[in-house]
Amino acid sequence: MNPHTLTFPKALVTLVAGSLFGFGLSLATMVQPEIVISFLQFKDWGLMLVMGGAAGMAMLAYKGFPRWFAHPFLGGQFLTQPATWSRQTVMGSAIFGVGWGLSGVCPGPAIAALGTGNIDILWALGGIVLGALAQGLTTRE
Amino acid sequence: MTLSTLFPLGWQHYLLGGLTIGAGVALLYLFNGWVGGMSSVFSSSWSFVSKRAFFQQARFINTRNWRLVYALGVVLGALAWRFALADGQAQHTSVPVWQLLAGGFLVGYGARLGNGCTSGHGICGLGALQLPSLGAVLTFMGTAFLTANLMNLA
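Residue numbers (the working numbering), protein chains in the order written: chain G, 1 to 141; chain W, 142 to 295.
Careful: at least some of the hints might be erroneous.
Stated by the list, open to error - Stretch by stretch, here's where chain W covers chain G in the computed footprint (C-beta under 8 angstroms, at least three residues):
#1 36-44
#2 97-110
As the list claims (entries may be wrong) - Computed from the model, here is a short list of chain G residues facing chain W with C-beta under 7 angstroms:
#3 L6
#4 T7
#5 F8
#6 G22
#7 A70
#8 P72
#9 G76
#10 Q77
#11 Q81
#12 Q88
#13 A94
#14 L114
#15 T116
#16 N118
#17 G131
Think of the hints as simulated: they come from the structure by calculation, not from any bench. For every residue, glycine included, the Cβ atom is placed at its ideal position computed from N, Cα and C.
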């Protein structure tokens with residue numbers, strides 16, 4: 001069976017997990033491009049705490065859960081998503097950083113803007129949607 | 142150097158927000174076994190529309206449903222924050238439209254080319270102790286620092 005199959009209980013958990021993600025982003029003011037840009041200009045180091053806190057929790061999950069439990073609670077398997085180091089990773093990340101520095105917006109906060117009612121950021125969301133399309137159309141795989 | 146020079150707006154909400162984001166990522170893994178980066182939804186959702194082989198890859202087709210539900214959750218979580226803690230006020234930004242649009246395009250193109258964004262590499266990749274993700278984070282932090290400071294000069 002496809003380990004990604006979306007059963008109703010799994011959909012519910014996914015919705016709650018996404019909600020925590022969106023609530024956390026908003027609480028941490030990462031949904032405000034001005035705050036992100038002030039970090040990138042070395043005026044406020046808060047983003048380090050956000051990323052550090054989130055990555056710390058993620059580490060606990062990715063390293064701990066597969067040791068403590070045989071399977072995820074709703075079945076399937078603990079999947080991994082290995083990152084690769086390639087020219088594409090470097091180029092893509094470099095381009096992503098330029099866009100992030102220019103707009104103060106990254107994918108999570110762009111989606112969250114639909115909830116915070118920040119319609120200005122819909123420009124960035126539209127840009128991301130088109131950028132992802134352009135990437136897919138220009139990549140052979 | 143004191144806490145208030147590093148964090149002029151306070152530090153507690155940053156840490157608490159980060160831990161909450163991480164709790165969402167952990168919950169998705171504990172119950173479903175899935176790695177919840179954010180930028181993939183922008184490629185996987187195009188598979189509903191484009192028949193192009195790139196978008197029809199198994200990694201997008203298989204995950205496109207839950208990634209949309211996950212994104213919907215992000216919207217609901219942000220909405221809950223707005224009505225619980227921000228008096229229901231709609232937020233605004235003074236970043237110029239051209240920067241949002243052009244920056245967004247580069248964010249979408251670059252995150253998908255590099256297979257991850259601030260959450261995919263920065264939270265999930267670093268959390269899984271993956272060296273390539275550390276390289277990706279250092280790369281995008283570097284170009285973002287440069288860009289934001291150049292914009293400040295301009």
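Hint-by-hint comparison with the structure:
Given as covered by chain W, the region 36-44 of chain G passes the check, having 6 residues with a CB less than 8 angstroms from a CB of that chain where 3 are the minimum. For the region 97-110 of chain G, the proposed coverage by chain W is satisfied: 13 residues have a C-beta within less than 8 angstroms of a C-beta in that chain, meeting the threshold of three. For the restraint placing L6 (chain G) at the interface with chain W, the shortest Cβ-Cβ distance is roughly 5 angstroms, inside the 7 angstroms limit, so the hint holds. Taking 7 angstroms as the C-beta cut-off, the interface hint given for T7 (chain G) is violated, the closest approach to chain W being about 9 angstroms.
Interface hint at F8 (chain G): violated, since its Cβ lies 11 angstroms from the closest Cβ of chain W, which is beyond the 7 angstroms cut-off. Because the beta carbon of G22 (chain G) sits about 3 angstroms from the nearest beta carbon in chain W, less than 7 angstroms, this interface hint is met. Among the interface hints, the one on A70 (chain G) is violated; its C-beta lies about 11 angstroms from the nearest C-beta in chain W, farther than the 7 angstroms criterion. Because the smallest distance between the Cβ of P72 (chain G) and any Cβ of chain W comes to about 4 angstroms, under 7 angstroms, the interface hint for this residue holds.
A distance limit of 7 angstroms between C-beta atoms decides the matter here; for G76 (chain G) the minimum to chain W is near 5 angstroms, and the interface restraint holds. For Q77 (chain G), the suggested interface contact is upheld, since its CB lies about 5 angstroms from the closest CB of chain W, less than 7 angstroms. At a threshold of 7 angstroms, the smallest CB-CB gap from Q81 (chain G) to chain W is about 4 angstroms, leaving the interface hint in force. The interface hint given for Q88 (chain G) holds, since its Cβ lies 6 angstroms from the closest Cβ of chain W, which is under the 7 angstroms cut-off.
The interface hint given for A94 (chain G) holds, since its Cβ lies 5 angstroms from the closest Cβ of chain W, which is under the 7 angstroms cut-off. For L114 (chain G), the shortest C-beta to C-beta distance to chain W is roughly 5 angstroms, which falls under 7 angstroms, so the interface hint holds. Of the supplied interface hints, the one on T116 (chain G) holds, with its beta-carbon coming within about 4 angstroms of a beta-carbon of chain W, less than 7 angstroms. At a threshold of 7 angstroms, the smallest CB-CB gap from N118 (chain G) to chain W is about 4 angstroms, leaving the interface hint in force.
With a least beta-carbon distance of about 3 angstroms to chain W, the hint placing G131 (chain G) at the interface is held under the 7 angstroms criterion.
Figure legend: structure checked against the earlier numbered hints; hints not met, in rising order: 4, 5, 7.
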